[in-house]
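A.B. asks: Sequence:
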Amino acid sequence: MHVVITGGTGLVGKTLTNKLRSLGHSVSILTRNSQNKQNEDNLQYIEWLSDNKPEQMLENVDAIVNLAGASISSRWTEKHKARIKNSRIEATRECIRLMENLSDGPPNAFISASAMGYYGISETETFTEDSAPANQNFLQKVSERWEQEAKPAEDLGVRTIYGRFGLILDAREGALPKMMMPYKLGVGGPIGNGKQWYSWVHRDDVAAFIIHALEQAHVEGVYNVTAPNPERMRDFGKKIATVLKRPHWLPAPAVAVRTALGEMSVLVVEGQKVIPARTLESEFQFQYEKAEDALADLLGKN
1 MHVVITGGTG LVGKTLTNKL RSLGHSVSIL TRNSQNKQNE DNLQYIEWLS DNKPEQMLEN
61 VDAIVNLAGA SISSRWTEKH KARIKNSRIE ATRECIRLME NLSDGPPNAF ISASAMGYYG
121 ISETETFTED SAPANQNFLQ KVSERWEQEA KPAEDLGVRT IYGRFGLILD AREGALPKMM
181 MPYKLGVGGP IGNGKQWYSW VHRDDVAAFI IHALEQAHVE GVYNVTAPNP ERMRDFGKKI
241 ATVLKRPHWL PAPAVAVRTA LGEMSVLVVE GQKVIPARTL ESEFQFQYEK AEDALADLLG
301 KN
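Going letter by letter, the sequence shown gives residues 1 to 302 in the UniProt record's numbering.
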């Protein structure tokens with residue numbers, strides 16, 4: 001296949017690119033700046049979201065994977081919240097425009113990233129792909145709008161997949177390094193009441209699901225890309241401590257975390273229990289179903 005990826009230099013994008021190339025597929029990464037990036041076998045970088053027209057440099061595109069968007073891991077000032085929202089809208093709209101203008105016609109498949117934030121937050125509810133949004137917080141609104149912007153692909157006859165990603169685990173990027181730091185300093189412990197759910201997923205399983213969705217023609221619609229065994233924060237923290245061989249004892253009061261992180265604290269103080277029901281029904285097999293195995297793989301290498 002020839003797969004076009006937006007956000008290809010991010011955490012998921014890098015992992016996905018490596019897996020696709022190892023399987024013999026070719027990848028075109030759409031980037032805002034290609035000047036410092038070197039094309040390689042089965043890999044090219046093409047600038048987009050500028051005055052150029054990337055469709056003129058793309059031929060025989062089988063699929064587009066849309067992972068672009070500003071990081072949610074920076075402090076949520078009003079300016080950055082606008083970047084989080086607008087970057088996702090802009091990138092998704094440009095993907096639609098690209099599909100409409102490819103000389104060979106639209107691709108066979110379009111995978112557009114979304115997030116489990118779509119469901120809102122809850123300590124008691126369990127969410128599957130059929131669940132409606134639970135409340136209207138910032139991340140829920142962004143996720144819902146993000147998916148709406150991708151829907152025109154369906155009108156083009158493109159098989160469209162919405163991947164609602166969970167808390168993606170990686171040892172160097174994303175949320176896990178921030179969660180590990182107190183444990184490395186010997187002061188790790190539960191955050192808030194410890195009852196909030198973390199619906200996590202290993203970065204390799206995210207990339208593997210995307211490839212599964214590209215290869216399986218019956219995969220279409222919304223899929224939760226979260227491991228089948230979410231964890232409450234207190235239990236997840238204990239497993240981090242076990243792998244790092246550090247204590248798990250010092251609670252961090254929710255009010256202190258909210259003061260330190262501002263509105264972004266919702267990522268660690270609150271959560272949701274998300275089950276990948278349709279993902280499992282699609283016959284996708286997670287390599288890492290349990291948090292202890294995922295953490296051992298990621299942290300055991302560091």
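Errors might be hidden in some of the hints.
Said to hold, decoys possible - In silico DSS-like links for lysine-lysine, alpha-carbon gap of 27 Å or less: (1) K53 to K85; (2) K53 to K37; (3) K81 to K245; (4) K85 to K151; (5) K79 to K195; (6) K245 to K184; (7) K290 to K19; (8) K14 to K290; (9) K81 to K19; (10) K245 to K151; (11) K85 to K273; (12) K151 to K239; (13) K141 to K79; (14) K273 to K290; (15) K195 to K14; (16) K19 to K79; (17) K151 to K178; (18) K184 to K238; (19) K178 to K238; (20) K151 to K238; (21) K239 to K141; (22) K81 to K178; (23) K53 to K184; (24) K141 to K184; (25) K151 to K195; (26) K178 to K290; (27) K141 to K85; (28) K239 to K79; (29) K85 to K178; (30) K151 to K81; (31) K141 to K273; (32) K184 to K151; (33) K184 to K79; (34) K290 to K184; (35) K290 to K238; (36) K195 to K178.
Keep in mind the hints are simulated off the structure, nothing from the lab.
A.B. asks: Take a quick look at whether K151 and K238 sit within 27 Å of each other, Cα to Cα.
C.D. replies: This hinted pair is violated, its Cα atoms lying about 41 Å apart.
A.B. asks: Decide if the proposed pair is consistent with the structure: K290 and K19, CA atoms, cutoff 27 Å inclusive.
C.D. replies: holds (22 Å)
A.B. asks: Would you check the hint for K141 and K273, treating anything up to 27 Å between C-alpha atoms as holding?
C.D. replies: Holds, at roughly 18 Å.
A.B. asks: Are the Cα positions of K53 and K37 separated by 27 Å at most?
C.D. replies: Satisfied, since the Cα-Cα distance of roughly 19 Å is no more than 27 Å.
A.B. asks: Would the hint linking K85 and K273 be met if the CA-CA limit is 27 Å?
C.D. replies: holds (24 Å)
A.B. asks: Take the C-alpha atoms of K273 and K290, compute the straight-line distance between them, and say whether it is at most 27 Å.
C.D. replies: holds (15 Å)
A.B. asks: Taking only the CA atoms, is the gap from K245 to K184 under or equal to 27 Å?
C.D. replies: holds (9 Å)
A.B. asks: Are the Cα atoms of K85 and K178 separated by 27 Å or less?
C.D. replies: holds (23 Å)
A.B. asks: For a C-alpha distance cap of 27 Å, please report whether K184 and K151 respect it.
C.D. replies: Cα-Cα ~44 Å, so violated.
A.B. asks: Is K81 within 27 Å of K178, Cα to Cα?
C.D. replies: Distance of about 20 Å is within 27 Å: holds.
A.B. asks: Assess, step by step, whether the Cα of K81 is no farther than 27 Å from the Cα of K245, and give holds or violated.
C.D. replies: violated (37 Å)
A.B. asks: Given the hint that K151 pairs with K195, does the C-alpha gap stay at or below 27 Å?
C.D. replies: violated (35 Å)
In summary, the numbered hints that this structure violates are 3, 5, 9, 10, 12, 15, 16, 17, 20, 21, 23, 24, 25, 28, 32, 33.
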